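Using the sequences plus the hints, can you model the full thing?
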Amino acid sequence: MDPGRPERPANGRRRANGRACTHCHQRKVRCDVLDKGAPCTNCRTTGRAGCLMYEKKRLRSSRRPSREAPIRPRETASLSTTATDTATPRDAANSPEENDPGNLAEFIDREDVRTAMIDHHGRTCFIGTEVSNFNYLVRQSSCQPGYDSVFHFGNRQFARKLTAHDLHVPPEALERPSREMEARLLRAYFDNVNTGWPIVDEEHFMAVYEGKVPRCPVALPLLNAIFVVGSHVLAADDSSIRALQPTFFRRAKLLVDYRFEQDRTMYVQVALLLTWYSDGLEEIVANAWHWIGIATRTALGCGMHRDVSQSSMTPTGKRTWARLFWVLFQFDTMVSLSYGRPQAMNLEESDVPELTEANFEGIRNAEVSFVVHHARLCAVIAAAARARWALRATPESRIRAARDADVALAQFTQQLPPSMQLSYAGVDPWQATLHLTYNNFLVLSHRPPPKGQPDPVSEACSDPGLCSSATLAMASILETMLQRGALTKLWHYSIHALFTALVHVSSESNASSNPLVSAKAQQTFDSLRASLRGLCPHWRFAQGVLQLFEQRASKHVRHHQQVGGHHRGEGPGFSLRLGAAEQAAPGGHNSGVWRDGAPGAWTAASETTVGPAYADVPSGDMFLDDLSLPDETALEFFLSGMENSDGFEFAFNGSQG
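Going by full-length UniProt numbering, the letters in the sequence shown line up with residues 1 to 657, in that order.
The set of hints was computed from the structure by calculation and includes no laboratory data.
Keep in mind that this is a model prediction, so the values were computed, not measured.
It is possible that some hints are incorrect.
Unchecked claim - Here are the in silico distance ranges between beta carbons for each label pair:
hint, residue 1, residue 2, range
1, THR129, ASN365, 34 to 40 Å
2, THR46, GLY293, 46 to 52 Å
3, ARG364, TYR339, 30 to 36 Å
4, SER240, LEU137, 55 to 61 Å
5, SER513, GLN414, 36 to 42 Å
6, ARG403, ASN365, 38 to 44 Å
Cβ coordinates follow ideal geometry from the N, Cα and C atoms, glycine included.
The following block contains the structure:
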């Protein structure tokens, strides 16, 4: 028996599922009001008015009058006139009898239930490791030794009255754009994002979306989350679409808050997709850190960190879980590194195999090489970060961890395939993402310690020359993406990599007494600032970072004039774009620094290594010198990525007034 389907009465007739309007329920005919919006196909065909959602009597409380929630109609131009089956995964097993033994008792006592095939109608149950009582009872009651190494079993969905699910979803959350707009948003997402961040199985999703999978309507939270990312991509060429992104975000979040679905895999996907949205002061619940935390706890709760190859999940489900785990791990690593916060995922506690090409079945035009190698790079970074910045580790072990990380990174660069190496002709978004991640970590690992905070570990690991070449590499990558109009295809992490580069180049300029070094740093700074401006229309966090550095730019000019240097903007002859010479890409931590495409473009790192000059400057960052914030709240306001232009300006003006 399928654990996800409700049991039928003795007469063999299926119980009414209640997911119909009042008219269709009274006539006992199928209704598509949930999928098509009000009025449903039947009411529209017969001309009936007052198409309202029918609420089951068994779910009504004797202490509270019943309510019929009207559903706002979606655009009629995009509606299909064909009635569809209303039996949905949301309705599976939502009518338990009063003597229902419950999911837990049935799961433990009935091996046939937990060993059944886990499809999209059922619920996956993770029994935990050997220390779990749940694991112990399942092993004790199992009669099939073949399942002793399985940690994921099937179970039926919870009855709705036993959950916090609220059937009274606000009508606006069920609205959808026109069919033509949906098609544009879906194609933008699947063509530009899902190929490298394979969060959604495109083949399966489109089959569901087109109604080719019986009893499986499209999940509205996931659909709206995809629209959030699609509108982010299209906003670069159509500014009118940018205004739709907050609407899609609110709909997706409402449906998540109301627990509109019981598929936890879908909630992991939605949380990952919502990292493409940020909204100023609301970012306390709308930033990447928040959503990755939700995705991580949900994924770990259903056992996505364990190998499911021996489970009874469908092949599509197994592939989706493997891809989701590694995408989530990469996101968690990058965001934790950006904010200097603990990682939620630890590969030492996971046995999910590395991705192979077989895992990308169902993903059209998948960037297999990028996903595989970027996941490996994040594994190196995650291990290095845990050891290098461990709070209870000795200085010796932290220094050793930094050296081990350099060895691991060198091995990684030697194994990069040609498709992931930067070429003279240019760089695509996936090459850019990998090299930004790589060079950003180089700077974070080897930049000199800030003045006023002596740190023997940082002093032992610092390499200003390596940081300079890595910063220049990031600047050239971002300038190339800016020139091609492809910045919008980069994820949120690109801003943090750019932030790292700006901090280092400002420190480098301030640390050197050589006017040529300072002028070169200023040119790099101007290029980075131009890229940051290109990201501002798409990310609120970029606006805050830009405002921070532009308020210090005038001081930077005055500094150069005082030391006799000559400040100049980015002139016609200056470009950091790739093509003139190979720069500091992953390839063995080369010590050369790439400059203009003139003869002698390669300069030894020693020419830009300022060495003892770092000890003579008043601060490690001239742009952050004299930057007075009113209190810790204002600083956290910036670092948490919660700023918008009005609030951030207030924080600075308030400190200066």
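Status of the hints after comparison with the structure:
1. THR129 / ASN365: 34 to 40 Å: holds, 38 Å
2. THR46 / GLY293: 46 to 52 Å: Given range 46 to 52 Å: holds, Cβ gap about 49 Å.
3. ARG364 / TYR339: 30 to 36 Å: holds, 34 Å
4. SER240 / LEU137: 55 to 61 Å: holds, 57 Å
5. SER513 / GLN414: 36 to 42 Å: holds, 38 Å
6. ARG403 / ASN365: 38 to 44 Å: holds, 39 Å
In this structure, every one of the numbered hints holds.
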